[in-house]
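S.K.: Sequence:
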Amino acid sequence: MIIDRYSASLILVLSLFVGILDASAGDFDPVYRACVAECEKTGCVGERCFPHCKFLSDSVAAEGPWYMQEPLYLKWKQWDCQSDCRYNCMVDREKEREALGDGPVKYHGKWPFRRVFGIQEPASVVFSALNLAMHFHGWLSFFILLYYNLPLRQDKKAYYEFASLWHIYGLLSMNSWFWSAVFHSRDVDLTEKLDYSSAVALLGYSFILAILRSFNVRDEAARVMVAAPLLAFVTTHILYLNFYKLDYGWNMKVCLVMGVAQLLIWAIWAGMSKHPSRWKLWVVVFGGGLALLLEIYDFPPYHGFFDAHALWHATTVPLTCLWWSFVRDDAKFRTSNLLKKTKGL
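All letters in the sequence shown, in the order written, are residues -25 to -1, 1 to 320 by mature numbering (1 follows the signal peptide of the UniProt record, and there is no 0).
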């Protein structure tokens, strides 16, 4: 769905940007800071000790690098010393706050999530995976419809002129939700950049696709003229984020402009066109907008798992199904019209 990854990119930027401003609530707590400092010296939080936190005076791990101390199948979930210290100190501090009747607070810009098998935000990972699965199902059903259920040209190509564009969209969507799941599993610099880059790439391509479909641009030369400057801008923006500066504020502005522009294009086109399935497009556009209210109403994770962002990911699952249903209907509608014109000739 075009709206979902725009929204994911925009909301992720907003949440991180706001999180920086709100970071002092948890990680500036003297009790928490003292716990982390002690853990990084001793390698222990209470009775829990972490072998990879045991260092010698020359800062070399006592038993070799921590990532060499576990079997290969367990290395994927291993966290470094600082992460383990912060996590366990956060858990203990939150238990103390709960006993005092105080609510959860953010640590380093994030709510206190509970790990499951080393996964940092399990609910968001599950819902990201579900979105990936829905996009795969939607793309596969679209592929089957085009090449097995609808008539084909003599050269075995589909009559639907926008088929190749939707194939690319499906691949970019699956890639974006895959990295979303990875990022929520393990929030590090690499996974953050991969998630941001994938989301921006999908957003930029979705903007191009909205223009091409709504204005019914079918000529290849015209498509190149429309897409080239936008692709150049999106590519430059991704390179800027990855190799110069991960500027959350600038990325937010870029995502906001491209996202709002394509939402307006689809909404206006749905209102002006006589497409038989335009109601599905309206539901996706306005449903996606209403789902964003979950992100505006930010709240701590329920039992350490389900926060507003995770629930927002959950709402995009049915919207994704409806979106691909509209794409299939559009393929049927355009194919039917083209066949009528062909017979008329």
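There may be inaccurate statements among the hints.
Stated by the list, open to error - With a Cα cut of at most 30 Å, we get these calculated DSSO-like pairs of lysine-lysine: (1) K315 - K249; (2) K131 - K16; (3) K131 - K70; (4) K249 - K316; (5) K249 - K132; (6) K132 - K168; (7) K131 - K249; (8) K220 - K255; (9) K255 - K316.
Simulated from the structure, these hints should not be mistaken for laboratory data.
These numbers come from a predicted model, not from an experiment.
S.K.: Run every hint past the structure and note whether it holds.
M.R.: Hints, one by one, checked against the model:
Our distance criterion of 30 Å between C-alpha atoms is met by K315 and K249, whose separation comes to about 17 Å. Taking the CA atoms of K131 and K16, the gap is about 68 Å. The hint is violated against a cut of 30 Å. Pair hint K131 plus K70 does not hold up; C-alpha atoms about 64 Å apart against a cutoff of 30 Å. Straight-line distance between C-alpha atoms of K249 and K316 comes to about 18 Å, which keeps the hinted pair within the 30 Å bound.
At roughly 26 Å between alpha-carbon atoms, K249 and K132 fall within 30 Å of each other, so this suggested pair holds. Between K132 and K168, the direct Cα distance comes to roughly 37 Å. Violation of the 30 Å bound is thereby established for this hinted pair. About 29 Å separates the Cα atoms of K131 and K249, which keeps this hinted pair within 30 Å; it holds. For the hint pairing K220 with K255, the CA-to-CA distance comes to about 39 Å; that exceeds 30 Å, so the pair is violated.
Taking the CA atoms of K255 and K316, the gap is about 26 Å. The hint holds against a cut of 30 Å.
In terms of the numbered hints stated before, the structure departs from hints 2, 3, 6, 8, listed from lowest to highest.
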